[in-house]
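Protein chains: 2
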Amino acid sequence: MSKLRDPKVILSAEEMPTQWYNIMADMPNLPAPGINPGTLEPLGPEALQAIFPMELIKQEVTQERFVEIPDEVQELYRLWRPAPLMRAYRLEKALDTPAKIFYKYEGTNPTGSHKLNTSIPQAYYNKQAGIKRLATETGAGQWGSALSLACSFFGLECMVYMVKVSYHQKPYRRSFMELFGAQVAASPSNLTEAGRRALEEDPDSLGSLGLAISEAVEDAASRDDTNYALGSVLNHVILHQTVIGLESKKQLEKVDEYPDVVIGCCGGGSNFSGISFPFLADKFGGRKIRAVAVEPAACPTLTKGVFAYDFGDTAKLTPILKMYTLGHDFMPPGIHAGGLRYHGASPLVSQLYHDGTIETVAYTQNEVFEAAVTFARTEGIVPAPESAHAVKGAFAEALAAKEAGEERTILFSLSGHGYFDFASYDAYLGGKLEDIAYSSASVQESLKKLPSIK
Amino acid sequence: MSKLRDPKVILSAEEMPTQWYNIMADMPNLPAPGINPGTLEPLGPEALQAIFPMELIKQEVTQERFVEIPDEVQELYRLWRPAPLMRAYRLEKALDTPAKIFYKYEGTNPTGSHKLNTSIPQAYYNKQAGIKRLATETGAGQWGSALSLACSFFGLECMVYMVKVSYHQKPYRRSFMELFGAQVAASPSNLTEAGRRALEEDPDSLGSLGLAISEAVEDAASRDDTNYALGSVLNHVILHQTVIGLESKKQLEKVDEYPDVVIGCCGGGSNFSGISFPFLADKFGGRKIRAVAVEPAACPTLTKGVFAYDFGDTAKLTPILKMYTLGHDFMPPGIHAGGLRYHGASPLVSQLYHDGTIETVAYTQNEVFEAAVTFARTEGIVPAPESAHAVKGAFAEALAAKEAGEERTILFSLSGHGYFDFASYDAYLGGKLEDIAYSSASVQESLKKLPSIK
Chain A
1 MSKLRDPKVI LSAEEMPTQW YNIMADMPNL PAPGINPGTL EPLGPEALQA
51 IFPMELIKQE VTQERFVEIP DEVQELYRLW RPAPLMRAYR LEKALDTPAK
101 IFYKYEGTNP TGSHKLNTSI PQAYYNKQAG IKRLATETGA GQWGSALSLA
151 CSFFGLECMV YMVKVSYHQK PYRRSFMELF GAQVAASPSN LTEAGRRALE
201 EDPDSLGSLG LAISEAVEDA ASRDDTNYAL GSVLNHVILH QTVIGLESKK
251 QLEKVDEYPD VVIGCCGGGS NFSGISFPFL ADKFGGRKIR AVAVEPAACP
301 TLTKGVFAYD FGDTAKLTPI LKMYTLGHDF MPPGIHAGGL RYHGASPLVS
351 QLYHDGTIET VAYTQNEVFE AAVTFARTEG IVPAPESAHA VKGAFAEALA
401 AKEAGEERTI LFSLSGHGYF DFASYDAYLG GKLEDIAYSS ASVQESLKKL
451 PSIK
Chain B
1 MSKLRDPKVI LSAEEMPTQW YNIMADMPNL PAPGINPGTL EPLGPEALQA
51 IFPMELIKQE VTQERFVEIP DEVQELYRLW RPAPLMRAYR LEKALDTPAK
101 IFYKYEGTNP TGSHKLNTSI PQAYYNKQAG IKRLATETGA GQWGSALSLA
151 CSFFGLECMV YMVKVSYHQK PYRRSFMELF GAQVAASPSN LTEAGRRALE
201 EDPDSLGSLG LAISEAVEDA ASRDDTNYAL GSVLNHVILH QTVIGLESKK
251 QLEKVDEYPD VVIGCCGGGS NFSGISFPFL ADKFGGRKIR AVAVEPAACP
301 TLTKGVFAYD FGDTAKLTPI LKMYTLGHDF MPPGIHAGGL RYHGASPLVS
351 QLYHDGTIET VAYTQNEVFE AAVTFARTEG IVPAPESAHA VKGAFAEALA
401 AKEAGEERTI LFSLSGHGYF DFASYDAYLG GKLEDIAYSS ASVQESLKKL
451 PSIK
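So the protein lines, in turn, are chains A and B.
If you read the first sequence in the working numbering, its first letter stands for residue 1, the second for the next number, and so on.
If you read the second sequence in the working numbering, its first letter stands for residue 1, the second for the next number, and so on.
To be clear, the hints were calculated from the coordinates, so they are not data collected in a lab.
There could be a bad hint or two in this list.
The list cannot tell twin chains apart, which means a pair is met if one copy fits it or any two copies do.
[What the hints assert, rightly or not] In silico DSS-like cross-links for lysine-lysine, where the CA-CA straight-line distance does not exceed 30 angstroms:
hint, residue 1, residue 2
1, Lys127, Lys3
2, Lys8, Lys322
3, Lys127, Lys432
4, Lys100, Lys8
5, Lys58, Lys3
Everything numeric in this text was worked out from a predicted model, so none of it was measured.
Could you build all of it, start to finish, from the sequences and the hints given here?
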């Protein structure tokens, strides 16, 4: 038998996780309760029932350490899971680092990112609850694609409000959703009150994620057969994504490794949580491990924001959550990592950062793309611009290990591929990418509009 | 342990093939020798040495049954191999067929198709031979992408002549190659004699694959540091692709299955050969198995062509090969499966078809895309338009099994994904796809220009 170097760590079907991990069972301080935007009182489950099925509401609040993954969901996960865990031998050599670099690659599934890990169970629980149709928003299109495919698997209708500027700039993401039977509307649309109001104010509005959320929530709340689905931020979404870290742990065990540091890019927080939370379980048990959330310098929610109650959307329709925020009115510069352009962060991630459990770092576009190109040329995979932030984070750790002369083990999440993002790589390679920083003044302005909650 | 259905068949590193399979050791009639286009005499190895390294020339003619895969190539294969072998449970249910359908998915690698299986060994052997630079042509961009990545792995320069119409229509394929450090020129270009001549005749020429081949061959022949690389047709290319079928055989063995029929789409023939030749080895040994090559009705080389000596390119620079051909001047209609628009077919595939060892079938665009959409909605993967032909072939076999009331086992090669082909799906879903048939009259005209070889 040959003893060739193999970068992949394989799991058998029997070794696949059968439960998701719920960090609320272990974290020292739970997130503050959500607030009803209408009453400004703590949010009860009944307020959520208009747009979510009961099983997902239960998952939103449960403090059980493990939640069973339904058989039907496990079977669909197995269309592409376990996701590859790779030892980046060629990258290590290129960086001339004593560090061992592992990456968990979530881009092999049909939608090209980690989002399918939660869209499948969300569609499943809605189907079980008798729902016929799901409504959602999408910006760059990753989440809309993932929900479209999941709805197609379960025979649900899918209504996607796609931010108008993306609708026109990324026609193939729209095609992807339509291929899977979804109805895609450019937001603001004529289909909702919120959309019509926006069009009245500005017929040429390019839309925003906040507005698209408002349209999708209104759609779901106004129809009995329809629920709403969200692709990040909420506890149940993050619960589903822990399959990433749970698999990674088992894969690393098989090669007798344990990471010194776990790295993920962080927008709403579901990818970072997915890769890191199962390891934080060990940290709460006393094991030494670091977790680093990597943000864009243009939208440094954790790194530069405040920890406060805020709305999740510009139209103030969503529950008010205690989180790090740059203010719900903050408009981040138009960087290429669209999935990281969110003013807030998951309450779970926010609480952990507030408690000092996790670290954050922020990078500008050019240094992120520079790392992505080196990664592509050595490992062969073109990272999504979002995922490229984690690549850059891993580079920094690998070079720190080299300076310290230490053999550290680094694990990062390569949350998606960049096949749909060549316009961004073109801009980078052509020297046309700007290192736009966030505007501190506009954050200060935006933070004045935080809701006042006791 | 749960007994959930798992569609994937996993191979361990130790079970990976370490040799390629060479069908020339087993086939009853070898292909006729190639002819030198200059002298019209049989082609000697010396004529090939101007553009190929000796190891590849040896592989072109060897009759050894197995050829060792170099360790460096095996290690790079392992970045994504073994490619998934999937049981299409959800598709079987949708087709309501008693057939078991398996597909081998070659789209998980960074370039998204099976082409990387041969670009890596080609770059390796050229590097070993001291070559610094490879030149090639590309149409839709799959092959150029695969060679660019392989050159990047081995530190070779890569020069790609990309058919001008694709260069402008598929800018992201160009970006992909540039990201991996390749130089990409729109063909016809000013860089070669053949290109300049074409531009003189028609400054607005959109180019053709035949012309791009002429440019790449001229580039390679005129520089000592440069060789040429071809992505299909030749024996050594097909040898490398047998890794697809060799893995599939081992994977099927693990679930105690053996196919009644093996299906691949067929342009130049490397994908069809890759999946089917290792099974044909058994057929030569007396085992009952069918192999079906699926062609587009717009370019039905095997189905409707003649078995004769012909040039591989329009400029008549390449060796003259005995193969099924529609004539080197035949211009197929502009269908969306660009990779299947080739007037000829591999001499190995041609000989096997001539001998009755394999079968062929041809389908039109709309029926192919209809099958692709059903496949996408059930299995979740969007097939490349080329690969969709194999999907349609598998549908036909599955429905035949249903009519016969027989439980047949079907294996097909899903040679690549369609992430770069949403314009085609858009056209199909919008009802804008034409079922263009090939023109029998233009084939007759083109066949008049076959070279006359004794």
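Let me make sure I understand: some of the numbered hints might not hold for this structure. Which ones are they, in numerical order?
The structure conflicts with hints 2, 3, although it agrees with all the remaining ones.
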